[in-house]
Structures are given as C-alpha cells and as structure tokens.
Amino acid sequence: MSQQPPTDFWSKDLVEGRDLRELTTLNLGPTHPATHGIFQNVLTMDGEIILDAQQTIGYIHRAFEKIAERRPFYQITTLTDRMNYCSAPINNMGWHMTVEKLLNIELPDRVQYMRVIVMELARIADHIICNTIIGQDVGATTPFLYVYQWRERIYEVYEEICGARLTTNMGRIGGWERNWSDTVWAKTKAIVKELPASLKEFDNMLLRNRIFMDRTIGCGPISGERALQYGFTGPNLRAAGVDYDVRVADPYSGYNEFDFIIPVGTNGDTYDRFTVRQEEMRQSLSIIRQALEKLEKMSDKTTFRADVPEWVLPPKEEVYSAMEPLIWHFKIVMGETEVPVGEVYHCVEGGNGELGFYLVSDGGRAPFRLHLRRPCYIYYQAFPEMIKGSMLSDAIITMSSMNVIAGELDA
Amino acid sequence: MSEQRGIERPRPTIVKAPEGHSGEGFFATRVDQAIGLARANSLWPLPFATSCCGIEFMSTMSSHYDLSRFGMERLSFSPRQSDLLMVMGTIAKKMAPVLRDVYMQMAEPKWVLSMGACACTGGIFDSYSVLQGIDRVIPVDVYIPGCPPRPEQVIDGILRIQELARNESLRRRYSKEYQDLLTKYAID
Amino acid sequence: MPGFAVKAERDQQVKDRVSAAFGERISGMEQERDLLCIQVRKEALHDLLRNLRDELGFHFLTTCCGMHFPGEAQEFGLVYHLHNMRAGHRIRVKCRTTANDLEFQTATDLWATANWMEREAWDFFGIKFKGHPNLKRILNMEDFPAFPMRKDYPLEDPTRQDKDDRFFGR
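Chains as they are written, first to last, in the working numbering: chain Z, 1 to 411; chain G, 412 to 599; chain C, 600 to 769.
Bound conformation, chain Z alone (with noise of 0.2 angstroms):
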C-alpha cells in the first residue's frame, strides 16, 4: 500500500481503498438568510465544495389546486395572486383569459393593450427584485437600496388601478372593473421616462465591474439542452441560450402587434441570468411605450370591459339603477350562468416562464380541475445539477439567479 503524498487532492482514490475526504452534510435552510423563502437543501460537502443536495420543498404548500376545486371563477384570482408574488397582475391576467378561453369571450384592443402595460410593469417590478437581490448575495446593497424604490413607483400605479399594492387582484374576466383614472396614466409615463436613468446606474455599478463579472460568471452553468430536459422556460432559459418566450411562441393580449427583442445569454450561468433580465427590464419598458402610444392613437377612450353581459360583471352603478345589470350581477355571482363543459391550458410569459393554465370544467361554477404549471417548481428540479463541484457561496448566488419564489414552487 503506498503511503506518498496524493497529487490529485480532489481525486476518490487516493490510498488504495480509502476514501481520504472528509465529506460533510450541511443543512441550507428552510430558515435562512440567502434562501429566498423557505426551501431546504441538505448538502454534502466535500470541505467547500458541493457534491451533492438533497431538496426538500412543500413547506409552504397552501393547496391551492385543491382550493381552486371549491371557488367560482372570480375567487380564484385571489389565488393566482400568491403565486409568484412579486409579478401578481400577470398571474391575474393569465387567469383571466385562461377562463375567457374557457367561456369564448373575445376582449376589444383597448382591454388587450391595458393588460400589456401591467404585465409588464410587473414583469419590471418581478427583475427588479431578482436583479438587486442578486446584488445583494454579492455583497452589493446599493442596488437594492437604491432601485428598490421604483417597485415603490410601480406599487403606487397598481394602488390607482385596483387599490392593492402586492397581492392585486387586478381586473376582471372580460376586462377591468373600471376605466384607469388620468393618475395612471400620468404615472406610468413617469415610470418609462425615469426609469432608463436609473437602471443605467444599476448597469454601471454591477455589469462591468470586475468583482461581480468575477463572482458570477460560469457560477452555476446550464447547457441548452439540458435546461429544455428539466422543463425551463423564461429568463432562465433564454440565459441558457434557448430564444423561447411565450410572448412571441404562441401571442396572447396583443403581444403579437408589439416590436421587442428576446435578449439570450450564451452559458446559462449567473451573469447571463442577470444580464437577460437587466435587457428584459429595458424591452418591457419599450413595450409599455409602444403600448401607450397605441392607446393614445385609439379614439375610443373609455372601453374597459368585453361587452358579454353574461360573464362580466356590470359596472356598480348600473346594477343599483337598472333591472337588466341587476339580474346579470346576481347570477354572474351566484353562478346560474351556464360554464361551458371543456378543457383549455393556456399560458402566458411570467417574470419566470411558462405559467400555464390547465382548466377542466365540468359546468359547475367551480372548475373540475385546476392544474398550475408552475415554472418555479418545474426548473428548480436542476438546482442539484447546477451547483455539484461549485462552492457553498456560489451555489446561494446560483439560486438567487434563478428567482425561485417559494408561494410558485409549492402552490
């Protein structure tokens, strides 16, 4: 048996037969600073480096496909909030037209382009949040001290639509419940013409500074083909290379008359992730831009709603007033409306991927079945794959990239 010295440190067999690692196993959460909600990893560690993670999520599993079971249409909005929390309006909106898929109910452009700019304010709203935290697992606060302030901008242009600031429950099936006061509108051009500024400084504190390329460039890798087997989809993806968005793939609400650009990464690491959303903030506000010149060009001002009496409630003035509104909103509310028999899956981009839709109605006023095709959940299965031989540090900076968000994971 030989006794020298191992050259190769890192390699198994150094003495014949004896494995001279000494191999720890770590407990990462589910309380812990760096996770960004409650999901567990046992790791086995190898000193610094990872060999392997155990996952362990559910601990903030709140049924909410077994609540969807049990609540009409228009309560399960409220559901769809808490999913992917920081980006509440485009589970909402995706919601919305999944039923109007469901119920065949086509929406006026008006509605359509109203929609855009909210989901994408709240795609903005979703990568402020992943990009400053990102910084902030760097070591960097600034940012997130300092663009945090504009999901304050951002909270105050929901807070006029729908009186919310996080958990919105925005909008209705077939529209809005009402017109957007001038206070949105004068808002919301604030936000496109002040936030340029801002994250122009986000870009120059953090995109060529040597520290940060250093720490998060080839820090937790994924290849192309590898992200389409583990189901990713959204920044994620496009970070690995992969030009899939569900804005462009299969256009809903509009988007298809919108001019963007879908910016890809090259290695699917961290900076790439980082670098896709910064672009992805900036293509949002060009969209929101496009978008309020469309509403501006348009004559009709006041449309808010899909003119479908039987499925979209009336405005509350007129069910005080009018016998018609009156009966519509009685059985809109207690379900005497027939719900067609049926299936649909739609999906829409969230600040993460694919959020998919799958309804299975079966004419009661409560779905059959509600699937979520939650992308959290979906690509969060790679985490283990991601992080094996990288360092403990760089495995809290892989998963901050990714945005995991615990209420999308367990759902």
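Hints were generated in silico from the structure; no laboratory data involved.
Among the clues, some could well be false.
What the simulated footprint calls covered on chain Z by chain C, stretch by stretch (three residues with Cβ under 8 angstroms from a Cβ of chain C suffice, anywhere in the stretch; the number is not a length) [what the hints assert, rightly or not]:
1) 62-70
2) 84-90
3) 229-242
4) 344-353
Note that the structure is predicted; figures quoted are calculated from it, not measured.
Note that the Cβ used here is the ideal one computed from N, Cα and C, for glycine as well.
Let chain Z serve as the given structure and place chains G and C on it in line with the hints.
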C-alpha cells in the same frame, strides 16, 4: 428653509425619556423604565419571511418606509441573537415544527409579531396543509391583520411591540402567568 | 376564438402518423378547443410519448398532472402537455387507469423534468410510477396519511372548532 416658509417644525427628538429626576450631568429613573427604553428602541428582529408578507416587509425595510428609524437597523437571521420573531407569511403544517424550533432557540425576553392574515389565522388558505394561525404553536404578542398589511400597518404593529417592550415588568418572564402560558404550548 | 393558433396541418400530420404507428392502442383522438388530444391505453403510453418525442419533434414536456374522476370505471388519469417549440405546436396526451391498477410507466427517462411532476402526482393522487428514481412525497409531509387531491378528501383543516356550519353553506 422651514423658517423662510413660516412652517413650524418641532425639534426632532430621538426618544421620549421616561419620568425621572434630572440635574447637572445626571438623570435618575427607575431601572425597569431605563431597561424598557433601551429594549424598545433597539429590538433586533428575526424576519421569518415565508411568502408575500415577506415582500411587503422588504418594502417596509427599504428607504421609502424605513423601519430602521425605529431602531430595527440590525436584522438577525440567527434566533440566538434576536429579540423579535416576526412571522410573515403562511406557515404550513410542515413548517410548524421548524417555527417552534426557531422560537425555542431564542433567548428571553422575546416577542413574537404575527404579520399578515395567514400567520394570524391561516388567512384565505383554509386547507388541510396550512396551520390555521401560528398561535397554535407559539405564543404571539402582536397580530397585524392584512393580506398583505400595508407598510404603515407593519410599522403600527412594531410600535405596539415597542410599547410592550417598554412597559414590561422585569419579573414578567418569571411570573406564574407566563410560565403557564409556556406550559400551554408545551414549551419548557 | 381566443387561444393558440390552431395548426390544422400539423395536427392532421400527427394524427395520421400516430394512428399508423399505434392503431388500436390509441383509444381516441379529438380536437379539444385549440389542442389535439390523444387518448392512449396505459400499456402504450410510454411508447407513444417516446414516439412523439423522437419522431414527431415534441421535445419539451410542458406539464404532467394527475386526474381523479370519482364514480367512473377508469377512475384515475394522467394528462401530459407536450410542446414542439421548433414548429410551435402543442399537444395533449391523456391516459386513464382503474383504481386497483394505479401504476404507470415513468417518463423520467424521456424528460428529466418529469421527475418532480410524477412525485406531485404520487403525493396528490397516489399514482405510482414504475422506474421512478425517487418516488417520495414532495409537497406534503413524508408521513401524510392520505392522497389529498382525490375528490373524497376534504379540503378544510379538520382541527378548527370555530366554524359555524350555518355560515359555511354545509
């Protein structure tokens, strides 16, 4: 500048001092009031953020609403080093033992703030997997309702915790009432 | 009609090739709104998925979920949504089974993403997957005694004593 505009602005005070006797270079007050003053204005919170309320807490911490004005500058994620357990978000039954462990690891005196409807009573999730309120597993001091509560409501809740901390008797944690409370939760 | 653009040609192509390759093992093929839906018998499910993936270009598994139809002979089911990103074509595959034969062939050898999707189906419905590397509960606690998404399992927390049935419509 405020003088130019003729606006009366009060001089900023840091904290309201408790009652006591003061003189040249000294201030005498009761021990428990001095300790209460110190505790209330330097609480070290443990943000146990699980879901959406955690994001509203982040908004409260950041510069717009700025929780550190109230002394909560130093957030600690280690229960051994914190005073205030802020439970923000839904606690599932799978998570309840973890929450209890974190609570038990904190040293006395400790306060618990339950933020949001899910932590107070289970919220909109009346389902088999969600704990219907964290007061089923740990004693709670202040409840903040809301889904999610606005940052102003969170600050209100924090101010009430500060009031509790300021006025708490030094013997409270040894009293029979408190020990009975802990026994009720099977915490020794 | 709101929805995905119906790719009639591609649907027809898939229909023709699948019925040619599988014949009797397909129990039905119909257009459900904007998606072609293939109902397949349990024995042929894995072969069909492999065929769709390799021959017909459906390289992406969008989602896989369990279903429970209480009262029907074929009580449990699985629904797969596949996506051919290059052609922009989606398809739905359904498969049913009876309650006493609740085991399907796993799809983890075809798509790595099926791992957690199948664990979710096991956790929620009790559907077993032959060949799955790690079929444990994922969202509920390890020792949870029932399969909660089945229709006979109650939704609400049973330990609450403060609910008055008069107000809850029971």
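Hints, verified against the model:
Counting residues of the region 62-70 of chain Z whose C-beta sits closer than 8 angstroms to any C-beta of chain C gives 6, which meets the bar of three, so the coverage hint holds. Interface restraint, the region 84-90 of chain Z with chain C: violated (0 residues with C-beta to C-beta distance below 8 angstroms; minimum three). Restraint check on the region 229-242 of chain Z versus chain C: 4 residues with Cβ-Cβ distances below 8 angstroms, three needed, restraint holds. Counting residues of the region 344-353 of chain Z whose C-beta lies closer than 8 angstroms to any C-beta of chain C gives 4; at least three are required, and the coverage claim holds.
Violated hints amount to a single one, hint 2; each of the other numbered hints is respected by the structure.
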